[in-house]
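Each protein sequence line maps, in turn, to chains F and X. Anchor point for the first sequence: position 179 equals 178 in numbering that gives the first Met the number 0, and the numbering is continuous, going up by one each time. Anchor point for the second sequence: position 134 equals 133 in numbering that gives the first Met the number 0, and the numbering is continuous, going up by one each time.
Treat the hints with caution; some may be incorrect.
[Unchecked claim] Below are the DSS-like pairs computed for lysine-lysine, each with C-alpha atoms no more than 25 Å apart in a straight line:
no.	chain 1	residue 1	chain 2	residue 2
1	F	Lys279	X	Lys99
2	X	Lys297	F	Lys551
3	F	Lys551	F	Lys278
4	F	Lys486	X	Lys536
5	X	Lys185	F	Lys551
6	F	Lys486	X	Lys99
7	F	Lys247	F	Lys416
8	F	Lys714	F	Lys37
Since the hints were made in silico from the structure, they are not lab data.
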Amino acid sequence: MLASHMLMLSLPDLGGDYAPWLVAAAVIVLGLFVYGLKDLLRFSARRVWAISSVCFAEAIRKRILWVTPLAIIGVIIVSQLSSPGDPQDAIRQATKFCLFASGLLVTIVAVILACTNLPREIDNRVIYTVVTKPTTRLEIVLGKVLGFARVSAAILIIMGIFTYAYLKTRTWTEMAQVRRQLATLPPDSTLRPTLAYYANSGFLSTKSLDAASDFQIFGRPPQGNINWMQGGEGEYFIVPFALNDEQKATLTQVADANGAAFVMTTLHIEQHKPNADEKKLIREMGLDKPLSEPAVLPAAPLGPDLPMPQPTTAPTTKPVDEDAPPPVQVRVSLLNEFRRPLSGASPEAEAGRSVTLEKPSKPEDSWYGRMDITADAIQSLVTAGRFNIRVTGHSPATDFGAESLPVMIYIPTADGKGIKITPAPDPNNGGKPAAPEFLSFPGRHGMQLHGQSDGSGPIAVYRFTNASVSRTANDKAALQLQLYVEKNGEFQTDTEGEAYARASVEVINRKTGKSSGQLIVTPELSRTLFVDVPYNSVDGGDFDVLVRGLTKGQWLGMRDTSVALVTADQSFLVNLFKSLLLLWLLSILVVIIAVFCSTFLSWPIAVVCTLVILLGHWGVVQLGDALKPGIGHSTATEFKIYDPGAARVWSQTVEGLSSGLRFVSQFLPDVSRFPVTEYIERGVSVPLGSMLGALAVLLCYGLPLLVISYVILRKKEVAP
Amino acid sequence: MTTTLETPAPAQRPETGAPAPRRVSRRRLGVVVVLIAGLIGAGALRSVAMDYQAQAAGLRGVAAPRNTLGNMNSYALALLLGGLRGPLVMFLWSTSETQKADRDLEDLDTKIEWIRLLQPEFDTVHMFQMWNKAYNISVMMSSPANKYSVIMEAIDYGQKVDQERPGDLNILGAIGGIYSGKLAAKNLPECPYYMRQFREESMSDASRKQVYPEDNRTFHHLSDMKPLLDDKNELRADLITPKRGRPTGEIPGGEWNDGSELQYLAPFKKFPLGVSPVAMAYNYAKRAQVAQTAEGQKPLQLSPMVIDSQPALQLKAWADDEGQQGRAYEAKAFGLSPDLKSADVQAALAALQLDQKPADPKALSDAIFCYNRAISLDPMAVHEYRRHMSNPEYAARINIYQSHLADLESLLKLSTADRDYLQAMLATGSERTRLLQEALKCYREGLANVELTVLDYYTDGDVFTDPHYPKPFVDLLRERKLNDSEENQATIAQAYAAARAVGQLRNFTQFHDEQADYARTLARCAARISSIEQAMK
């Protein structure tokens, strides 16, 4: 089931999910079962093997394997000239060089051998000796492909053995360096956890990673039934709504009658004395001045359970106390189901409208506020059916706590009871209204997590459920952290301040309540960190990982994959084998394309054609934006073609060429589906999906090309 | 079936009867021999050409032996790459720049290193990559420690190039520029961290543990730099051993680079507190300037005037830094809070009493060392300024450098006064009295000097045209009749006080920061003078 699913995911996109498979199947059926049925019936695996053995032996006689020492020397030289950031990086780079060299070697050899073999055999009439035997053209094509695939396999075996031996050697030297570093580092150094992880797990380990099932950003650690967000426009929560027909009809009536509907927000509020940064923000937001405009009175009574809001703040002439917390405000926005501004809603509602919350009569009660929904916005909500309401914590120095139902739509009625529209039911929670999802605004690399030196900033919470935890020998489990530093922090280095940016990681077992305590790590650009945590904090697989930024002014970019659990350490050798297998699949594709080209082209042209087919799709992807619509106009401008006629011709020509390239590239194989180095260089197990993806490309492009090659060769006069 | 494959086609079969493979292999052998001979010949010719070039450069040195793979020259690399060096370099440049724009630093160092190896002859490439690392990439790092590491990598890059092409003005200038523009740049918040880390890394482990015991728990090396000092805190012999003698004939400027790495730090010999990055900046700036003056090398990106002025500027910065360092040790000696910012140290020191006992006597002697170092640097800096301005092409810049010279004069006086004051604290009897008298004299002169400096260079011109400002002072200043001699000191103080008062009255803010800085120095001097006067009553 999983395999078939992964297979579908990895299909090349040719305008429809099944289109390439259908085309491939059609070619195979027509070529093999209709046109070549006779040859298919005479098919002999022994003859194919014999032909492949000839190809293999010929390649060996040509001393093809002698090029492997050259590649090995190249790898050693290039590795010596590399400038790695740390020992792990050295091994990563060496792995990359080894596999790159193997890939380059095997591809070049495959292209040259496969492209030259058939044309030369036809030229020097060696082919006579084969075709005059009772072999079919199908067997010849298959035999040659198999033969060159065997050559590739031989090269990969040699390079694989070298890669493993070389990496082992490098690992010894690099590990010695890590041990030296660990010996000199102070016990509480923030660099220690990652180095200790390397020392325990080694550099050639292969990890499997388990991602969190949920990721949210809170203002405080999750506890009880209230979740908190911090003010200052950094964080928000979002609640999904799905209108049923009855609710749509009601809202339509309200809009038609120009009646009132509100977004009601009910939150717990806690405020503190603003610090210097918050005071500055309060001034910038204009919240240091008394609010002069009273709230607009509602068009109809709100009912007994939702009392009439009072004017937000009475006009006052009293000076504002800088140390006093600001008025409590949130910003409410209406978003579509994809969390983009709802089209048709008022511009204010799209951008979000500030809503001042009213203080409850009893301190333990919730604060509440409302935002009018205009008739246009109501109509948009009805049209959309599914939408989201986002509530952003606006006021600085304020924490906003939300229970399970912090937002709803309220329609006042004449009887005073009103109609309430609650959030969409959550099927994973017994059909109860969906709980709010807490997030922060995105930066370039994920949700922003602002650091505070005392740890009072927001907290990224990664929830792991039923994770398969592997226990290490020292009763620990490992976490992988990829904390992207979006903005550097402020350091007080004038005195004896911090030398490293810091973040803390805490793991709390939801079942047992055991905590790992706050483990300090030092995030850095382009650096993956590993932390060993006590096994009892993750035992059972249900636990939360809390990440805080501890450097003031720093923003960390947090994604759902930023924290992962290392679930198993596997053999590097197996992973290397998987990578080499991917490489071998790629080499078979190369051989098939090369044989295909060589059936109707002379060998130099076949080489070029093979490379174009092989790299065409990749090349177009690399060109990226340069081939997007509009390139014609922009190049005409760049080349200063001012004459309208000439500019139009130029523009249309360039557009035509670029769209032609884009179109053709869709029919070319995507070699990026062979992620040979992508996983292994990061020490992550090559997933089955990637292997199947590569296999899918091979089957989808390779098999039809093989059949077409056979058809061409069968029609070709190669012997009198 | 396999045997037929070897059989040539009948049409191609040779008719002579001679064994074809043998002839072919002979021909091939000839081609291979010619190729190898050609390669060796080209390599030898290139080597001869490079030797000739080095010889023609005269004073410039001999390249480091290329006995490691990392030092392999571009010729060998080009051969290895089969002539694909150009495309590879283009690929490396574009991908490294794209990676930098995307803030993706994975493999970036390796790519830069390959660019260095593939384009060793291009100074502009090296200067760009050094700048790239020190300025563009270092600021991307999130921690001061990692920023420091990247800056040191930029310096290491420069030093590798310098090893391959020793004495190149542009590389030396770029190395000096990184020391002064990054590690010793006072405007950077990380500067104090860089300065201290570099000083500690310049020492041997044993010395560092003794000199900076408070850092023993947290310190670790962040760069690959070998300590510059030995266990006696003297510069390593290999760094100051001349690699060539004085060139024959007349040398323009009279100075020549002897090929040693730290030639211009050799006279200072001992660095008991580690080597300051400003000292390193001076060393490389001086080497670059001498390369320009004596060897006639031309800078590619900076003007000759900039290269020529750098030694003076760096020496002044070094002297300033030593003075500041001295005050920091003084504060430490008397147990003042280590959290004090450098701007607040002066105020804290002003409150110290003469009879106060130092809590940390070693720190006091370190402070005295720093003041002595500042005193020794001061005349050298003045000499460098004079040398620079003696060139008729740069003489017009005297207006800019007059304030620098005035500062140096004040620094000399104040450093001498500070040193004598601290020594007096440790001395007794007549020696103490003598030292106090010396200190008092220097403080008074220094104070007057600072006041004059502020009046001359850091006072808004409108002050002197203001009706509230006494005209006699304007005349005295204009005619430059005031100096720091004893009879003028009172007048200068009055002129200074009047200028400050008018400035405050009119709310002139042009030189606010500089005036505040000088005011702190003046307050400390005044406090010290008062303290000495009281003690001598």
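(request) Sort out whether lysine 37 (chain F) lies within 25 Å of lysine 714 (chain F), counting only the CA atoms. (result) holds, 14 Å
(message) So if I understand the rule, the pair passes when the alpha-carbon distance is 25 Å or less; does lysine 247 (chain F) with lysine 416 (chain F) pass?
(response) Since the Cα atoms of lysine 247 (chain F) and lysine 416 (chain F) sit roughly 19 Å apart, the hinted pair holds (cutoff 25 Å).
(message) Hinted pair, alpha-carbon criterion (25 Å max): lysine 551 (chain F), lysine 278 (chain F). Please report holds or violated.
(response) OK: lysine 551 (chain F) and lysine 278 (chain F) at ~16 Å, within 25 Å.
(message) For a C-alpha distance cap of 25 Å, please report whether lysine 185 (chain X) and lysine 551 (chain F) respect it.
(response) holds, 22 Å
(message) So if I understand the rule, the pair passes when the alpha-carbon distance is 25 Å or less; does lysine 297 (chain X) with lysine 551 (chain F) pass?
(response) violated, 46 Å
(message) What's the verdict on lysine 279 (chain F) and lysine 99 (chain X), does the C-alpha distance respect the 25 Å limit or exceed it?
(response) violated, 34 Å
(request) Please work out if lysine 486 (chain F) and lysine 99 (chain X) have their alpha carbons no farther apart than 25 Å. (result) Roughly 15 Å between the alpha carbons, so the hint for lysine 486 (chain F) and lysine 99 (chain X) holds.
(request) For the pair we were handed, lysine 486 (chain F) and lysine 536 (chain X), check the Cα-Cα distance against 25 Å. (result) This hinted pair is violated, its Cα atoms lying about 59 Å apart.
Of the numbered hints given earlier, the model fails hints 1, 2 and 4; all others are met.
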